[in-house]
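Engineer: Sequence order for the protein chains is A and B. Be aware that the first sequence starts at 1, since it is given in this note's numbering, and climbs by one per residue. Be aware that the second sequence starts at 1, since it is given in this note's numbering, and climbs by one per residue.
Hint data in this document are derived by calculation from the structure and do not stem from the laboratory. On a predicted model such as this, the values are computed, not experimentally measured, just so you know. A few of these clues could be false.
Pulled from the structure, derived: some chain B residues nowhere near chain A, Cβ distances all over 10 Å [said to hold, decoys possible]: (1) A73; (2) K228; (3) G274; (4) Q306.
Chain A is faced by these chain B residues, among others (derived, beta-carbon under 8 Å) [stated by the list, open to error]: (5) N255; (6) L283; (7) T307.
Distance condition first, Cα-Cα at most 20 Å in a straight line; then the derived DMTMM-like pairs of lysine to aspartate or glutamate [stated by the list, open to error]: (8) B/K299 with A/E182; (9) A/K105 with B/E239; (10) B/K305 with A/E308; (11) B/K304 with A/E182; (12) A/K213 with B/E297; (13) B/K265 with A/E182; (14) A/K106 with B/E239; (15) B/K305 with A/E218; (16) B/K263 with A/E182; (17) B/K304 with A/E215; (18) B/K299 with A/D297; (19) B/K304 with A/E218; (20) A/K187 with B/E297.
Cβ atoms here follow ideal geometry from the backbone N, Cα and C, with glycine treated the same way.
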Amino acid sequence: MKKLMMIGSALLVLSSSAYASQARLLALGMNETDNEGMYHISDERNIFLNPAYINIYNNMAIAEWGSVGSYARVTATSGLGTAGGTSTATLNDAASPKAQGGVFKKSGDFVYGVYFGNESNTSSLLRVAGTSAASTFDKFAGAGTVQSKMLSTADNQLDLFFGGDNGLKWAVNPVLTFGKDETRGAKDSGYSIRGGVIASNWDAHLNLSLGSKSEANEAITIPAAALAQQVSDEFKGSIGFHVGGSYILSGKNRVFGYVKHYGWEQSDNFASYATTNAINLGGSTGIGGQQGTVKGDFTSYYLGWGSEYDVNANDKIFYSLAAKKTDINLEFSNKSEVRNLILPLTIGYEAQALEWLTLRGSVVQNLWGTRDNKNINNYTGATGTRLNRVASGLITGIYGGSGKTTISNSTKINAGATLKFGQFSVDGLIGATSGSRAGTVGSNTNTGALAFDNLETAVAMTYKF
Amino acid sequence: MKKTLVIASLAVLSTSAFASKARMEALGQGDGYSRYIMDTRSVFLNPAMVNEQKNYIITEWGTANYDADTDAAPRAEGGFFREMGTFTYGLYLGNNDSRISHGAGFLDQTNGLDLFLGGDMGVKWGARVHYANAKDETNATNTATTKHNAFGLGLGAEMGDAEAYLNVDLADKSTGNGTVVGQGYESKMKPSYTLGGSYKFAGWSFFAEYDMSKLEEKTATTATTKDKTILVGAGRVHEINPTARLITDLSLKMNTNETAAGKVKTNSLPATLGMEVDATSWLVLRGSVAQNIIYGETKNAAGKKQTTPNSTTVNAGATLNFGKLKVDGMIGNTGSSRAAGTVGTKDGALTTDNLLTRVAVSYWF
């Protein structure tokens, strides 16, 4: 502590107005699959919710630390073949952040910017769900290959921004991502455009997904079933949208809401599910999946109220109450469904503890939370025709497994800090490192410890020029 | 507490002299050199840069490790550069880079020695001579004596806004194989070179470079590896104010690697956005984000193309200024887990136990 204070005492004192990072909003209770921002808390990260925010957050460079971009394809099947055969996929989250960043510059009445690496978790989730269940065998012992057979998720994403302020702040944000791998007959692409406006007491955005496609055609061998097949699978998104906005009722009281909807069609020509669903995969059978074409859709409704209270010039208290309903449908013969309804209450604080240090945190709990999911993770011993086993691990991690139940243990505490070095800020989460030092020190393990070795995690650095 | 006091007592000095591989990596200059950012590393690309970066000693921390040099296991090296009248000379130890690493069992480059001499006669010029020599008669598994020698020459000039350089490896030869019994085994670099230059215009540096390497390796069979890279691009160091710089570059890189298995072509269009800020009088922070823009793919020997995946990278670093002594390093380069192998792992953690990694210390006199 003394060390921290002594180092900090030498730091320069400058404005703290330019907050900008996923870590800050995560510490204040953000709970969005794509970490795209919050309506009632102003932050640079909100540009991915409403690009018109570039008119507020510009003349800045940001770099969010993390590992390389496309995770889902690389690690989607890690763990298969081990006892239990759990299949998981890793997305961009606080424990394994993706490297990303960009620059935003004002020029006269206009603002432009470029941002690298902000691939969508939702897009990855849907493409993993659309992958042939035969990919489940990818790393299964004896399958003879270590290369992932997942459909490629978005990678090397480029976001361009252009906006202006003519009394009404506005901006557009075209998004482009594509890739190919001819060695596995794989191609993927994604195009979307975001647009938004911010007026004096309201804001609105429309984010359109114009196209999302991922396909592969490759050999999959399954020695346990004496199978070697050329498997062709495809995910094809139809037009998707994310429309929403907020309105200031009075003072800093704001109501907000959005509707997200994505539809898609997935096809899979793997013809041996009847055989492969009987294979024991590390202790359990069943991989889900279904030959042919299956339609899917994802819809999320969000409505809430939020406000902030200025304790003094530097310190704030935030609070919000919202209702969020998420429905996912996959039209297998045994239809896979997610029905998730939560009413989270969030209370957050942000305080300038020292000239060079801002601390923040939040507590979140569902006042109401239920789920009624079907055929999400009950592939064990089943005869297939449901969500594939890999996507099952991913969706279960976010929306829970099959069955109707109250969502338990929804109370979450997050905390973060900003170290200010003049116009240069280093944001991060704190309290997200396990208190145990037995073997490893894991990040995003909240066991109540303030660890000094991992001073911050999910770090972002910002320079405002 | 002592550490605290040391940090608190740092003197305030200019941060204009930067020098390290860590700095280059933090600013997204992946191969350890920049074609447009001034740094002591520039002398290995253009020896004429000894006229710009002089009167210092630098030590890059690491282990003696032949030609291997990674974030997780950096190679120990260092040297000094000094001005003498209108001339500058320098000596650098441990620069063991081979253009193409020799195969298993062959002795790699070790104990590399680089001598520099430069001058300013209206045109700034510089020359570098590289030498390395080694022999091993103690090999237990093979009675063959293994030998290695390398000799290279670098020439460069800088005139106004233009600069040019030529680095030639005249020899990089390893004879005798330590693990395979056989006569006449050798791994030999044919004369290979890097030719490049840049021109500053309207605040931008436009650069172009051609690099050609050829390695012939004789064991039971003879294998030849050819590697060619064409690089063209533009970069800019935009000084926002006297204490902050924005770094921007965009380049087209075309590489062809040819072995007995066939030709592999890798083309990319990487862009880098970086920043370097004098955060306090004693601390410089820097970082960058880089990604291939639209174009980035590899065509393998079978003619199949693959988009280069996961090209988005973020790097960060810091310099601690202790007066004339500067400690450079990378930050954010230690995994949040302290399990084996997590140094060199980027997963978004700011660690204080590994305060800096890939550390370099320089003293300017």
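Engineer: Of the hints stated earlier, which fail here?
Structural biologist: 3, 4, 5, 10, 18
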